[in-house]
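Listed here are the chains, written in short residue letters.
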Amino acid sequence: MFKGPVESKNEATMSELVPEPRQKPVVPMKPMGINTSLLGYIGIDTIIEQMRKKTMKTGFDFNIMVVGQSGLGKSTLVNTLFKSQVSRKSSGWNREEKIPKTVEIKAIGHVIEEGGVKMKLTVIDTPGFGDQINNENCWEPIEKYINEQYEKFLKEEVNIARKKRIPDTRVHCCLYFISPTGHSLRPLDLEFMKHLSKVVNIIPVIAKADTMTLEEKTEFKQRVRKELEVNGIEFYPQKEFDEDLEDKTENDKIRQESMPFAVVGSDKEYQVNGKRVLGRKTPWGIIEVENLNHCEFALLRDFVIRTHLQDLKEVTHNIHYETYRAKRLNGNGGLPPMTVETEENHESNL
Amino acid sequence: MAVAVGRPANDDLRNLSLSGHVGFDSLPDQLVNKSTSQGFCFNILCVGETGIGKSTLMDTLFNTKFESEPATHNEPGVRLKARSYELQESNVRLKLTIVDTVGFGDQINKDDSYKPIVEYIDAQFEAYLQEELKIKRSLFNYHDTRIHACLYFIAPTGHSLKSLDLVTMKKLDSKVNIIPIIAKADTIAKNELHKFKSKIMSELVSNGVQIYQFPTDEETVAEINATMSVHLPFAVVGSTEEVKIGNKMAKARQYPWGVVQVENENHCDFVKLREMLIRVNMEDLREQTHTRHYELYRRCKLEEMGFKDTDPDSKPFSLQETYEAKRNEFLGELQKKEDEMRQMFVMRVKEKEAELKEAEKDLHEKFDHLKRTHQEEKKKVEDKKKELEEELNNFQKKKAAAQLLQSQAQQAGSQQTKKDKDKINASFT
Chain A
1 MFKGPVESKN EATMSELVPE PRQKPVVPMK PMGINTSLLG YIGIDTIIEQ MRKKTMKTGF
61 DFNIMVVGQS GLGKSTLVNT LFKSQVSRKS SGWNREEKIP KTVEIKAIGH VIEEGGVKMK
121 LTVIDTPGFG DQINNENCWE PIEKYINEQY EKFLKEEVNI ARKKRIPDTR VHCCLYFISP
181 TGHSLRPLDL EFMKHLSKVV NIIPVIAKAD TMTLEEKTEF KQRVRKELEV NGIEFYPQKE
241 FDEDLEDKTE NDKIRQESMP FAVVGSDKEY QVNGKRVLGR KTPWGIIEVE NLNHCEFALL
301 RDFVIRTHLQ DLKEVTHNIH YETYRAKRLN GNGGLPPMTV ETEENHESNL
Chain B
1 MAVAVGRPAN DDLRNLSLSG HVGFDSLPDQ LVNKSTSQGF CFNILCVGET GIGKSTLMDT
61 LFNTKFESEP ATHNEPGVRL KARSYELQES NVRLKLTIVD TVGFGDQINK DDSYKPIVEY
121 IDAQFEAYLQ EELKIKRSLF NYHDTRIHAC LYFIAPTGHS LKSLDLVTMK KLDSKVNIIP
181 IIAKADTIAK NELHKFKSKI MSELVSNGVQ IYQFPTDEET VAEINATMSV HLPFAVVGST
241 EEVKIGNKMA KARQYPWGVV QVENENHCDF VKLREMLIRV NMEDLREQTH TRHYELYRRC
301 KLEEMGFKDT DPDSKPFSLQ ETYEAKRNEF LGELQKKEDE MRQMFVMRVK EKEAELKEAE
361 KDLHEKFDHL KRTHQEEKKK VEDKKKELEE ELNNFQKKKA AAQLLQSQAQ QAGSQQTKKD
421 KDKINASFT
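If you read the sequences in order, they're chains A and B. For the first sequence, position 183 matches number 183 in the UniProt record's numbering, and the numbering has no gaps at all. For the second sequence, position 384 matches number 384 in the UniProt record's numbering, and the numbering has no gaps at all.
Simulated from the structure, these hints should not be mistaken for lab results. Any given hint could be a false lead.
Unchecked claim - Derived list of chain A stretches under chain B, where covered just means 3 residues or more per stretch with a C-beta under 8 Å from a C-beta of chain B: (1) 66 to 73; (2) 160 to 172; (3) 190 to 202; (4) 209 to 221; (5) 257 to 265.
Stated by the list, open to error - Calculated from the model, a selection of chain B residues having no Cβ within reach of chain A, i.e. all distances over 10 Å: (6) G20; (7) G23; (8) T36; (9) F62; (10) S202; (11) V221; (12) I245; (13) E275; (14) D284; (15) R299; (16) E303; (17) E358; (18) E387; (19) A400; (20) A402.
The beta carbon of each residue, even a glycine, is placed where N, CA and C say it ideally should be.
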């Protein structure tokens with residue numbers, strides 16, 4: 001059905017020297033082609049500045065989802081991560097509100113600015129997850145929400161008259177809170193992560209890590225890692241998306257040593273050694289949140305925000321979203337609206 | 001399990017202030033790093049007559065000698081020749097593609113000169129659109145061949161734009177960012193140049209040609225862009241040869257009456273062009289191509305194919321529904337065609353059958369006729385045979401009769417002889 005004009009107008013007037021759109025390999029090779037050496041400064045590298053200016057002007061979207069049973073400190077952690085009251089609980093919701101009878105999805109949007117960079121941050125909370133007596137299929141509403149965001153984006157993208165910048169509500173990162181039992185993962189944890197690691201970037205996090213000693217922590221982390229591996233759960237950063245050797249070694253280190261991050265969250269400040277630090281005050285001492293000896297919060301923050309924020313968005317866009325789109329256009333997404341059979345060959349590209 | 005999904009509270013986005021350093025201000029750097037590792041694409045289209053200095057200008061602009069041979073004037077039509085180069089400056093890799101219009105303005109009849117150019121531009125858009133519409137696509141890896149900037153070379157006549165220029169630019173202005181430049185500007189004197197420039201700009205405006213507007217919405221570049229826009233179209237001189245000026249070597253053209261320095265802003269606008277094209281607006285050119293020209297192309301193409309965003313009742317159409325409808329239509333047509341063909345086939349068969357029957361009948365007749373003839377002949381032969389037999393019989397009878405007579409005669413004769421003999425014998429006795 002899609003017989004583009006390229007085929008019919010490929011006559012002698014079209015240059016035979018027009019290069020085919022070359023698929024750039026995932027691992028960048030040495031630059032091929034006619035490599036011409038420059039004799040003077042042209043100014044090509046200014047494109048970096050130009051690009052930076054443009055992106056700063058347009059601003060960024062980031063959507064982070066927190067999943068875990070209630071009481072694990074999700075809201076506090078998110079507040080600590082973004083150093084402001086971004087969680088649902090702080091946005092005018094009652095702290096003592098009842099645990100909902102079903103899994104709800106609540107998304108709150110904020111605009112934060114730092115260093116001239118504007119970010120529209122959306123925190124998606126999932127109260128009610130894992131809190132029922134019967135928790136069967138409680139990941140379904142979450143999966144549905146994530147797919148709905150993909151669907152929304154797809155609809156916008158497929159429009160004839162498209163917006164200049166499609167609003168991005170897709171979930172870029174999902175922090176999954178593991179209860180610090182010290183033993184192993186719960187079946188609910190495994191089920192959730194198994195289902196959702198295919199549609200979203202999951203970063204498992206051990207919550208309330210101040211209940212474990214250092215040895216317990218290391219052992220628990222090892223066990224969790226092993227269990228995740230045994231169950232074939234690919235958490236972010238996924239092995240298969242490592243682009244080059246550099247990424248691979250860096251990510252391997254994170255995957256095999258640091259993850260899952262054992263974190264402690266706090267939005268209260270205390271005086272320690274003359275400095276104001278975020279921490280938790282207990283009779284036996286103050287747990288400093290940003291102290292790497294105490295907990296791995298700083299690692300998580302650096303990982304998510306300072307080094308891999310853009311990568312999280314890109315993996316979501318280039319891989320998870322594309323997978324969803326391909327499935328959807330092939331007609332077996334099983335999601336609203338109706339799924340229709342479509343031919344899967346050149347003729348019908350939609 | 002019943003589910004309540006909360007709507008993202010987009011309406012009341014809260015502006016929050018941070019109580020400490022979070023660190024997402026490194027986000028632009030993260031973004032830029034990713035792009036740098038992938039490399040950038042930039043595609044320039046040079047439109048202008050043969051010999052107006054396109055290749056030389058490209059060489060001068062990018063400070064390299066791009067291998068190419070000068071074109072002849074005998075081209076039968078306009079051809080587009082694209083060449084790709086990889087340039088690297090510090091850690092930035094640029095995939096530069098320069099597309100040349102070979103043979104532009106050489107023909108006697110230039111009516112169709114603009115067509116190959118428009119077709120080429122459309123073809124690049126089409127390729128991108130095809131990739132975007134694929135089910136399994138890889139846009140982040142895609143080697144973008146869409147034209148980001150079109151340098152239109154105006155011949156330095158000193159009077160006004162040629163009609164070919166106007167027509168071509170009008171056809172291209174909605175498809176590509178046009179930057180008009182006056183080529184070989186060293187043939188125009190300073191005072192004439194100013195008049196020439198204003199004439200060109202007023203002609204462009206009066207003919208409604210949309211050339212590329214340098215963006216003035218961002219403070220850092222607004223000023224420089226605004227000042228540069230005044231000098232449009234840029235009068236440029238290109239040269240790859242170096243001449244010793246003072247104690248430096250500079251790109252220049254040496255004449256008996258003086259030296260035209262390419263990078264001297266008093267002599268020509270080359271520096272301005274380089275600033276605008278590369279150092280300030282390269283990213284904006286790419287963005288405009290994608291968000292404006294490509295979107296326009298895409299919209300037209302999809303509408304042409306019959307897709308709509310909303311149906312007459314202004315309820316949003318799902319693209320898939322439209323596609324389904326189209327597909328059913330298509331299948332219906334196929335079915336109709338099939339039926340038609342089947343009917344034709346049946347008709348043909350009937351015809352052939354009738355023909356064959358006729359032939360058969362003919363053959364039968366012939367056969368009958370032959371048979372009859374044969375019968376007649378046979379009868380004739382039989383008759384003749386009978387006749388002959390009769391004659392034979394008669395002859396036999398006659399023969400028999402004759403023989404009888406003869407034998408009778410013989411007997412009589414022999415009796416006579418015997419009698420004679422007896423007589424003779426008797427006489428003796």
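Tell me, which hint numbers fail for this structure? Hint check: 1, 3, 4, 5, 6, 7, 8, 9, 11, 13, 14, 15, 16 fail, others pass.
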